[in-house]
Amino acid sequence: MRVDFTGLFRALAGWAGETEVSDRQTGETLLAMMRALVRFDDIVIFAYRDKARPIDLFSTFDADDHHIYVTLYQAGPYLLDPFYHTTRAEKAGVFRMRELAPDRFFSSEYFRTYYSQTRLAEELGFFVPTADGVTVVVSLMRREKTGVFPAPELALLNDAEPFVAAFVRRAWGDLAGRFAGPGRGRRAEPVSEADRVWRKLNLTDREASIIELVLQGHSSESIGLKLDISTGTVKVHRRNVYRKLGISSQIQLLSIYLKNLQS
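The sequence shown runs contiguously to residue 263 in UniProt numbering.
Note that these hints are calculated values from the structure, not bench results.
Model, not experiment: these values are computed from the prediction.
The beta-carbon is built from N, C-alpha and C at its ideal position, and this holds for glycine as well.
One thing to keep in mind: the hints can contain errors.
As the list claims (entries may be wrong) - Taking lysine to aspartate or glutamate pairs in the EDC-like style, the calculated list, with each CA pair at most 20 Å apart, reads:
(1) LYS244 x GLU212
(2) LYS145 x ASP41
(3) LYS235 x GLU193
(4) LYS145 x ASP65
(5) LYS91 x ASP174
(6) LYS91 x GLU109
(7) LYS226 x ASP103
(8) LYS226 x ASP195
(9) LYS226 x GLU207
(10) LYS226 x ASP205
(11) LYS235 x ASP56
Said to hold, decoys possible - Label pairs and their in silico Cβ distance ranges:
(12) LYS235 x LYS200: 22 to 28 Å
(13) THR231 x ILE256: 31 to 37 Å
(14) GLY7 x GLU99: 24 to 30 Å
(15) PHE9 x GLN262: 43 to 49 Å
(16) SER116 x PHE9: 26 to 32 Å
(17) ALA92 x GLU20: 25 to 31 Å
(18) ALA92 x TYR242: 26 to 32 Å
Given the sequences, and given the hints that come with them, work out the whole structure.
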């Protein structure tokens with residue numbers, strides 16, 4: 001795809017000329033900028049802070065897709081999303097979903113039950129941590145009919161990352177006050193919906209840590225490496241949780257998790 005410099009500079013000129021800019025105006029500018037550089041089908045911009053529910057700053061979805069990508073996502077599935085966990089690690093840069101996903105993500109029940117509904121060939125995100133403890137993620141999505149981002153376009157987006165990051169920090173550098181809950185106004189570690197679920201189900205901290213990683217799509221080997229315990233210990237804890245909850249499969253585990261998130 002040829003870079004549309006006219007469209008790029010026109011978008012920037014229009015945004016720079018505004019004295020007070022809304023989320024939608026900033027999102028429209030980013031949309032025009034990105035479309036001047038590469039081809040994609042949709043864009044969604046979320047702000048994340050600690051364990052709080054993410055804020056939807058801008059998106060291009062119709063009503064049906066907005067329900068899947070935004071409303072349903074904010075209701076709980078975000079807690080299992082590789083993008084969310086990357087913001088928790090405060091990473092910055094451009095990353096594709098496949099680079100961030102756990103080793104069993106694409107065979108996990110989370111993927112089959114929720115993420116597969118998105119019908120995406122590829123999702124790519126600009127991760128921009130800001131000074132107030134918020135990370136803004138600008139996600140570019142290509143549907144199955146469009147295919148994945150070709151290598152030249154990925155290289156172009158990586159080249160554009162410093163400018164996109166500076167633009168996002170300029171536009172959305174003061175979002176912390178828009179997050180409700182215990183972490184508002186200060187850097188804290190609030191209790192998330194997931195934490196409440198594990199307490200409600202009477203899981204120990206170790207059991208909860210392991211089961212969260214299972215639901216995210218990590219294998220027993222991957223969990224062992226992340227938690228510095230043996231694969232055998234992971235499997236023992238997993239069996240104990242299944243016995244405690246009276247279940248025998250990951251699909252039952254995910255069902256219990258989502259049901260308790262929404263109750």
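Tested hints:
| no. | hint | verdict |
| --- | --- | --- |
| 1 | LYS244 x GLU212 | holds, 16 Å |
| 2 | LYS145 x ASP41 | holds, 10 Å |
| 3 | LYS235 x GLU193 | violated, 25 Å |
| 4 | LYS145 x ASP65 | holds, 16 Å |
| 5 | LYS91 x ASP174 | holds, 19 Å |
| 6 | LYS91 x GLU109 | violated, 26 Å |
| 7 | LYS226 x ASP103 | holds, 12 Å |
| 8 | LYS226 x ASP195 | holds, 19 Å |
| 9 | LYS226 x GLU207 | holds, 14 Å |
| 10 | LYS226 x ASP205 | holds, 15 Å |
| 11 | LYS235 x ASP56 | violated, 37 Å |
| 12 | LYS235 x LYS200: 22 to 28 Å | holds, 24 Å |
| 13 | THR231 x ILE256: 31 to 37 Å | violated, 24 Å |
| 14 | GLY7 x GLU99: 24 to 30 Å | holds, 28 Å |
| 15 | PHE9 x GLN262: 43 to 49 Å | holds, 46 Å |
| 16 | SER116 x PHE9: 26 to 32 Å | violated, 39 Å |
| 17 | ALA92 x GLU20: 25 to 31 Å | holds, 27 Å |
| 18 | ALA92 x TYR242: 26 to 32 Å | violated, 38 Å |
Violated hints, listed in ascending order, are 3, 6, 11, 13, 16 and 18; each of the other numbered hints is respected by the structure.
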